[in-house]
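**Q** Sequence:
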Amino acid sequence: MRWALVKVALAVSVMVVVAFAVPLALVIKEIARDRAFTNAERQAAAIGPTLSITTDRDELERAVASTEAGSDRRMAVHVPAADQPDRRPLKIGESRVTGTETGDVQRLGRAAVAEVEGGSALLQPTALGSGQIAVVEVFVPENEVSNGVTTAWLVLSGVGVALIVGSVAVADRLGVRMVEPAQRLAGAAHALGEGKLGARVPEEGPTELRSAAIAFNSMADQVVQLLANERELAADLSHRLRTPLTVLRLNAASLGEGPAAEQTRAAVEQLEREVDTIIRTAREAKPQTAAAGPAGGCDVSEVVRERMDFWSALAEDEDRTVRVAGIGRPVRIPVVRAELTAALDALLGNVFRHTPEGTAFSVDVHNSEDAVIVLVSDAGAGIADPKAALARGNSGGREGSTGLGLDIVRRVAESTGGDVRIGRSVLGGTEVRIWIGLDGWRSPDEPRGHRLRRRKRGTPGRGPAGRKGAEA
Numbered sequence: 008m009r010w011a012l013v014k015v016a017l018a019v020s021v022m023v024v025v026a027f028a029v030p031l032a033l034v035i036k037e038i039a040r041d042r043a044f045t046n047a048e049r050q051a052a053a054i055g056p057t058l059s060i061t062t063d064r065d066e067l068e069r070a071v072a073s074t075e076a077g078s079d080r081r082m083a084v085h086v087p088a089a090d091q092p093d094r095r096p097l098k099i100g101e102s103r104v105t106g107t108e109t110g111d112v113q114r115l116g117r118a119a120v121a122e123v124e125g126g127s128a129l130l131q132p133t134a135l136g137s138g139q140i141a142v143v144e145v146f147v148p149e150n151e152v153s154n155g156v157t158t159a160w161l162v163l164s165g166v167g168v169a170l171i172v173g174s175v176a177v178a179d180r181l182g183v184r185m186v187e188p189a190q191r192l193a194g195a196a197h198a199l200g201e202g203k204l205g206a207r208v209p210e211e212g213p214t215e216l217r218s219a220a221i222a223f224n225s226m227a228d229q230v231v232q233l234l235a236n237e238r239e240l241a242a243d244l245s246h247r248l249r250t251p252l253t254v255l256r257l258n259a260a261s262l263g264e265g266p267a268a269e270q271t272r273a274a275v276e277q278l279e280r281e282v283d284t285i286i287r288t289a290r291e292a293k294p295q296t297a298a299a300g301p302a303g304g305c306d307v308s309e310v311v312r313e314r315m316d317f318w319s320a321l322a323e324d325e326d327r328t329v330r331v332a333g334i335g336r337p338v339r340i341p342v343v344r345a346e347l348t349a350a351l352d353a354l355l356g357n358v359f360r361h362t363p364e365g366t367a368f369s370v371d372v373h374n375s376e377d378a379v380i381v382l383v384s385d386a387g388a389g390i391a392d393p394k395a396a397l398a399r400g401n402s403g404g405r406e407g408s409t410g411l412g413l414d415i416v417r418r419v420a421e422s423t424g425g426d427v428r429i430g431r432s433v434l435g436g437t438e439v440r441i442w443i444g445l446d447g448w449r450s451p452d453e454p455r456g457h458r459l460r461r462r463k464r465g466t467p468g469r470g471p472a473g474r475k476g477a478e479a
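Anchor point for the sequence shown: position 320 equals 327 in the working numbering, and the numbering is continuous, going up by one each time.
Where hints are given, some of them may not hold.
Said to hold, decoys possible - The calculated DSBU-like cross-link candidates involving lysine-lysine, where the alpha carbons are at most 35 Å apart (straight line), are:
(1) 36 to 98
(2) 203 to 36
(3) 36 to 14
What the hints assert, rightly or not - Across the chosen pairs, the derived CB separations fall in these ranges:
(4) 394 to 209: 34 to 40 Å
(5) 158 to 98: 47 to 53 Å
(6) 176 to 210: 24 to 30 Å
(7) 225 to 267: 52 to 58 Å
(8) 158 to 46: 39 to 45 Å
(9) 214 to 27: 56 to 62 Å
(10) 312 to 193: 39 to 45 Å
Calculated directly from the structure, the hints in this document are not laboratory data. Glycine residues also receive a C-beta, built at the ideal position from the N, C-alpha and C atoms.
Work out the full structure: start from the sequences and follow the hints.
**A** In structure tokens, the structure reads:
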């Protein structure tokens, strides 16, 4: 494209220069010629008054010598024989034309130009006092006819070349301005195709290419986001496998001794290692959790009852005391059932994995007008650095932990405008508080026209005693 623009600019500029320079050069040459012959006519006219008065040789010689052309020996005067006493033609000065040419001018009475050696001769007829026609001859050298023409042509040629070079340079710069963004765009596309996901294009250049660069960068960002979402999905799905794996591991521990039992425990351990590998491979993915739609969500009480039914069997095997409160009535939240199930399994799985057998734990649900709070507490040793524990992929160096469980919980809460906080529980161990926001969300079962009251979010207290349920 760049060289095509240069060639087009070169062709157009050359045609324009030729179209204007050639006629202008011819006009300059003609002007120089007219100037030379106009000067010759003026020199010839200077003898006119003298010829109209006298044809005396001495007077005419003095008159010719007084002119510029006469002093340079470029003027001659031809007087016809009829005006001479001896009836012979009078010629003053050095003549360069033949008698035939002067005779034609005398007979016709019109000025003429005769080509002679070294230049041209202007033959100017002049009337005498007797009525006869004398001819004044003025020699115009060739260098006087072309005086200044060469210089003018050189200047004109220089201007034409400068215009051509300038137009080519401008076309080249415009070509570069158009081609470089296109080349960068092509290079970035190749780099992105080779897997270099950080390839981006500067959003500059012509409007069309700038729009293409913006579209490319947006596409690249979407590709990166899609890949991150895929890795995140793989990590989250793999993490959800940790719950049934925990059940298998605990059940395998109770199989006793024997080859079959050992093989089962070895298979469970291998499966846990494979799941951990998948999670760690995808742990750098950028989190993204979509909130439920306006009419979506689930009943948190129902989900808590279902998950506690699942985990209570393991708790009984490990002699753990379990308490559940606040699930006596339906409580709708804007979180899809699968996401809330994954969050609860992640928290309860952490309790079983990171606290010793016999450690008590509890799950409390508190409901207000603008939020639902789920508390998962245990009587274990607690978490030394709660802030670091909430960072995605931070396992805190604990064996068998990938650091994604709390991240799943955090994303569920943040998808509703809430958050997750870790603190010290009343049982003496860790308390994970999930704040699920309800502002602006309407349950499908809520009567239309009911408006939620918005209040400032703060750290909630424990629920009323009347909301405590029986132990599972």
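**Q** Each hint should be assessed against the structure and marked as holding or not.
**A** Hint check:
1. 36 to 98: holds, 33 Å
2. 203 to 36: violated, 67 Å
3. 36 to 14: holds, 32 Å
4. 394 to 209: 34 to 40 Å: holds, 38 Å
5. 158 to 98: 47 to 53 Å: violated, 38 Å
6. 176 to 210: 24 to 30 Å: holds, 27 Å
7. 225 to 267: 52 to 58 Å: Roughly 57 Å apart at Cβ, these two residues keep to the hinted range, so it holds.
8. 158 to 46: 39 to 45 Å: Taking Cβ atoms as reference, residue 158 and residue 46 lie about 18 Å apart, which means the hint is violated.
9. 214 to 27: 56 to 62 Å: Violated, since residue 214 and residue 27 (Cβ atoms, about 34 Å apart) do not stay within the stated range.
10. 312 to 193: 39 to 45 Å: With Cβ atoms ~59 Å apart, the hint is violated.
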